[in-house]
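A.B. asks: Spelled out from the first residue to the last, the chains are:
2 protein chains.
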Amino acid sequence: MYSFKEKYGEYLASFEARLKKFYDELECKPAILDESLKYSLKSGGKRVRPVLMLASAELVGAKNCGIEDYALALELIHTYSLIHDDLPEMDNDDFRRGRPSNHKVYGAGNAVLAGDGLLNTAYYTLFERCADGKLYADAAKFMCDCAGVKGMIAGQSADLYCSEKNIKDGDMLDYIVKNKTGKLISAAVAVPAILAGGRYFLELRQFGEDLGRLFQLVDDILDEEGSFKNLGKTSGKDKQENKLTYVTFYGTDQCRVYADIMFDRCLRMLDGIEGDTSFMRDIVAFVRYREN
Amino acid sequence: MYSFKEKYGEYLASFEARLKKFYDELECKPAILDESLKYSLKSGGKRVRPVLMLASAELVGAKNCGIEDYALALELIHTYSLIHDDLPEMDNDDFRRGRPSNHKVYGAGNAVLAGDGLLNTAYYTLFERCADGKLYADAAKFMCDCAGVKGMIAGQSADLYCSEKNIKDGDMLDYIVKNKTGKLISAAVAVPAILAGGRYFLELRQFGEDLGRLFQLVDDILDEEGSFKNLGKTSGKDKQENKLTYVTFYGTDQCRVYADIMFDRCLRMLDGIEGDTSFMRDIVAFVRYREN
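Residue numbers (the numbering used here), protein chains in the order written: chain A, 1 to 292; chain B, 1 to 292.
The following block holds chain A by itself, in its conformation from the complex (with noise of 0.2 Å):
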């Protein structure tokens, strides 16, 4: 019989084991880089985007072309983000996942490069899936725009702009939880998409936005209401700190509202796919109702 529990614990398993693999062959040279590569790697998480990508491979039927390489290119960018976001000039964070972040271990300089070269390898990875033709390497393109100056990093940029100018602006949170934190989830769901020659592309990019949203919308409210204890970092900062986010422009009442409807579109996006989505079903409830 189906669980959510037992289905998640066996793509992180799967996943998990690549990346064991990973450090395994990666022996660096000093050993603070190699140190501090894998000290932010190993501090888990959910392992979410990760997850969702084994899980639209199976549904999309993208299962035998070396997707754990591509769910490993994409943790390791994820995690570089973090890295680089943590630093001091940028969301100065101490906590990262209950332990401290990588800049405080390390030191700035070290966690910049800790950061770059985890970006740097998650492309080795995808390069070398690239010999094996057109799709492959469509695939990795898709990526490299979901993390890029078009994606993500446009979406770290405009925090940051907003924050140094004190902007409130809805059209503005929107394009920054777009590109910061949608374009990664949705990179997780349509690249395996483009593996399975386009199958659901369209459907499944536009699923990981809105999921992407959901994210942030319980990211936010957990910022506001939750604890260190929950969320390994420290809580009530946005706050604090005056930062644009979905509770400080709209209230934690409106998020919740905002919330249901990303929750209620995302499985609606769900219905227009064929196969079994019982799992992405329960990882967008898994995305709403979490406490950390």
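Hints may be right or wrong, so weigh each one.
Chain copies aren't distinguished; within one or between two, either way the pair holds.
In the EDC-like style, the derived pairs of lysine to aspartate or glutamate whose C-alpha atoms are separated by at most 20 Å in a straight line are [what the hints assert, rightly or not]: (1) K165 with D264; (2) K29 with E6; (3) K178 with E27; (4) K134 with D69; (5) K38 with D169; (6) K104 with D91; (7) K42 with D282; (8) K104 with E164; (9) K134 with E6; (10) K38 with D145; (11) K29 with D169; (12) K7 with E225; (13) K29 with D145; (14) K29 with D171; (15) K165 with D34; (16) K20 with E35; (17) K21 with D145.
Hints were generated in silico from the structure; no laboratory data involved.
We have chain A; now place chain B onto it with these hints.
C.D. replies: Below, chain B without anything else, positioned relative to chain A:
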């Protein structure tokens, strides 16, 4: 009649044309991301790496395989590395190529993102070529390896490590130069060899590493003896900061001897390559006898 200056100008013009197309096509939001990316790219410099790549492509017969895209990617990678290297937590340089460094103009947070954005865009450019076939993917993978945690980033990390721990060690010095400077120059000359089906790959890779050493030797001598006017950056900084460089480790006189040895080695390596190597020879002399 062949003239080095003219030929350099031709390669440069062809590269600048590709770069201009890149400027025109790239439009990032927010504007500060767009500006900060382009600011450092437009600072110019001698464009030695892309010029070397175009020359090497002509030598091995890899001219019609989109080599300008690889040259663009290489210059984007080089520029990102300068931006991150100049950051306060790294080398803390306020000037670069005669102008305030990126973080002095846009702030450290935006400089981190500008660097990230350039690196990501470099690989996007290469993923676009990967769809053309295996050789294209192999060439991209090699460049990525040269820039990565076994290449340039390893060199930067070792450099930072030696600075922080005040380590003076000849092997570490060679490791730093080989990776931080040598690998990208190696990529410049060896990527065309891959695109040409592997012709003279080993020779050109070694040539690139030695030319990198020569480049760094002259850089260190110029830092010791040059003026701000010639260099476009603060001179005498290495000694002041007690950095591990060729000059601080071996002294200027020994460096000149070492430079002459590398100069000869570069030329000898070219002896083994068929075709017209005049320009490559002249660029070795240019690197050896430049004043900035």
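A.B. asks: Taking each numbered hint in turn, which are not upheld by the structure, reported in ascending numerical order?
C.D. replies: 1, 2, 5, 7, 9 and 12
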